[in-house]
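A.B. asks: Going by our numbering, the first residue of the sequence shown is number 1, and it counts up by one from there.
Quick caveat, the hints were computed from the structure, so don't treat them as lab data.
Glycine included, each C-beta is placed from N, C-alpha and C at the ideal position.
It is possible that part of the hints are untrue.
What the hints assert, rightly or not - The calculated DSSO-like cross-link candidates involving lysine-lysine, where the alpha carbons are at most 30 Å apart (straight line), are:
(1) K160 / K131
(2) K131 / K272
(3) K111 / K160
(4) K111 / K131
(5) K131 / K33
(6) K160 / K33
(7) K160 / K272
(8) K356 / K272
Unchecked claim - Estimated spans, in silico, between C-beta atoms of each pair:
(9) G363 / N312: 55 to 65 Å
(10) V358 / L97: 32 to 42 Å
(11) R205 / P372: 23 to 33 Å
(12) N99 / G344: 45 to 55 Å
(13) N99 / N123: 13 to 23 Å
(14) N312 / D36: 51 to 61 Å
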Amino acid sequence: MMIDPRVIFTLLLATTIVFWVGQSESKVIFVAKSGDGSNGDSWDTAYTFIGDAFIASTTGDEVWVKGGRYVENLETAVPITLLGGFDGSERFDERDLRNPGENPTILDGNKLGSVLVANHDLNADGVTITKGKGLGSGIRVVGSRLELNNVHVLANGENKNTLRGGGIYSTDSELIICDSVVNDNLVLQFGGGIYASNSSLHLVRTEFGNNISGFAGGGLSVNRSTVVIEQCLFTGNWIAFVGTGGGLSEEYGGAINSRLSIGVCSNSVFRKNFARIGSEVNIESGRISFQNCSFDMVSIFESFVAIYWSQNPPIFTNCIFAGRDDDTFTSFSADITYSTIEGGYPGEGNIDADPKFVDPDHGDYHLLRGSPCIDSGTDTGLME
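Full structure from sequences and hints, please.
C.D. replies: What follows is the structure in C-alpha cells.
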C-alpha cells in the first residue's frame, strides 16, 4: 500500500512540533555571583540571586547555582529543581560534572527567617542550608513534595523563637531525603533535626547529629505520619533546653520521638543520644518496627534508655543494644526478638553478650570476627 507523502510530511511536522513544545516546557536558569544578572540564560548572564531565578522560573525548570554563599530567604513559586555545586563552566549536557564538595553552594538565611519555604514541589541537590530562624528554620515544606539529595541542613534554629523543626518542618507533605546531613540544629520544643506532621517520610543514608530539642525528638519528631528509615545514623542528639542560668531540662526521645505514627527503621545506628526519658527512641502512640539496628546507648539523670508509652509496642528484630548498665534499659512491653542485649532481655532468640564492634568510640559498628551477633538473627518478617 502506498502512503501519501503529504501524510508523512504532516506526521513529521507534528512530531517536530510536539518535541519542540516538550523542550520549551522546562529550561535551565543560571545563578552565579560572577554573572551580570541580566537574564539567567548562561553563566555570563546569570542571576546573582537565587530568588531572582525562582521568580523567573516556570514549572519543571532547573536552577543551576555556582558555588558560593547566597544570603537569602527563599520561597518557591512553582515546582522546580534546585542544583548546587557548579564551578560556572558546565554546559547544558554537563549537569552531572558538578562537584558540590569542591564548589559548596551555601544558602544562608542570616537568621531572618526560614532559609527555604517550599509551598510547591521541590527537588534540591548539592546545597547547604544554614542560619535559618523560626518555624522550619532551615526548610519549611507545606502541602508539597520535597526531595533532598546530598543536601546539608546545618546550624539552623534557636531556643527562643523556633518552636518546631529546627532543620526541617513538614506538614501535609511528602519528604524523601537521601545521602544528606541534618546536624547542629536547635529548636525550643519539637524536632531539632526534623519535625513532621501528617506527612510521609522516607529517609535513606542520612545523618542526624548533635541536634537539640527542648522537649521531644532531638533528631526527629513525627506526629500522625508514616516513616521509613534506612541506613541512617542518629548520633549525639539532645533533649536539653539551655536556660539563662545554664540549667538543663531533659525530656523525651533524644534521637526519635513518635506520636500517632507508624513506620519501619532498618539498618540504622543510634549512637549516644541523650534524654531524660527514652534517650534513643520515645514512642507515645502508634507503632514503629526496628530491624537490623544498633543502639550504642548512654543514659543520664535518670536510668532510662528506651521507654515506650504506646498501646502498640515497638518491635525490635535483629537489633543490638550495647553500652549500658544493668539498670539503664527500661521498656514497657517492647517486642524484642533475635537481638543482642547487654544485660539481657526476655524474648525469642535474644542473647546477653558483648557484640564486639570494631571501633564504636570512632563510629565503626561493623562486627569483629567471632562476634556472637553473627548468624544469630532471623530473616523472617524483615522488610525487603
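A.B. asks: If I claimed the Cβ atoms of N312 and D36 lie 51 to 61 Å apart, would that claim hold in this structure?
C.D. replies: holds, 60 Å
A.B. asks: Would you check the hint for K111 and K160, treating anything up to 30 Å between C-alpha atoms as holding?
C.D. replies: holds, 12 Å
A.B. asks: Run the distance test for K160 versus K33: straight-line Cα separation, threshold 30 Å.
C.D. replies: Violated, because 33 Å separates the two Cα atoms, which is more than 30 Å.
A.B. asks: Does K272 sit within 30 Å of K160, going by the straight-line distance between their CA atoms?
C.D. replies: Holds, at roughly 26 Å.
A.B. asks: Could you tell me whether the CB distance from N99 to N123 stays inside 13 to 23 Å?
C.D. replies: holds, 19 Å
A.B. asks: Does 55 to 65 Å hold as the CB distance between G363 and N312, or does it fail?
C.D. replies: Since the Cβ atoms of G363 and N312 sit about 32 Å apart, the hinted range of 55 to 65 Å is violated.
A.B. asks: Taking the CB of V358 and the CB of L97, does the distance hold inside 32 to 42 Å?
C.D. replies: With Cβ atoms ~36 Å apart, the hint holds.
A.B. asks: Given the hinted pair K131 and K33, is their Cα-Cα distance within 30 Å?
C.D. replies: holds, 20 Å
A.B. asks: Taking 45 to 55 Å as the hint, is the beta-carbon distance of N99 and G344 inside that range?
C.D. replies: This hint holds: roughly 49 Å between Cβ atoms.
A.B. asks: Against the 30 Å threshold, does the CA-CA distance of K111 and K131 hold or violate the hint?
C.D. replies: holds, 5 Å
A.B. asks: If you draw a straight line from the CA of K160 to the CA of K131, is it 30 Å or shorter?
C.D. replies: At roughly 14 Å apart (the allowed maximum being 30 Å), K131 and K160 satisfy the hint.
A.B. asks: Run the distance test for K131 versus K272: straight-line Cα separation, threshold 30 Å.
C.D. replies: holds, 26 Å
The structure fails to meet hints 6, 9 from the earlier list, while all remaining hints are met.
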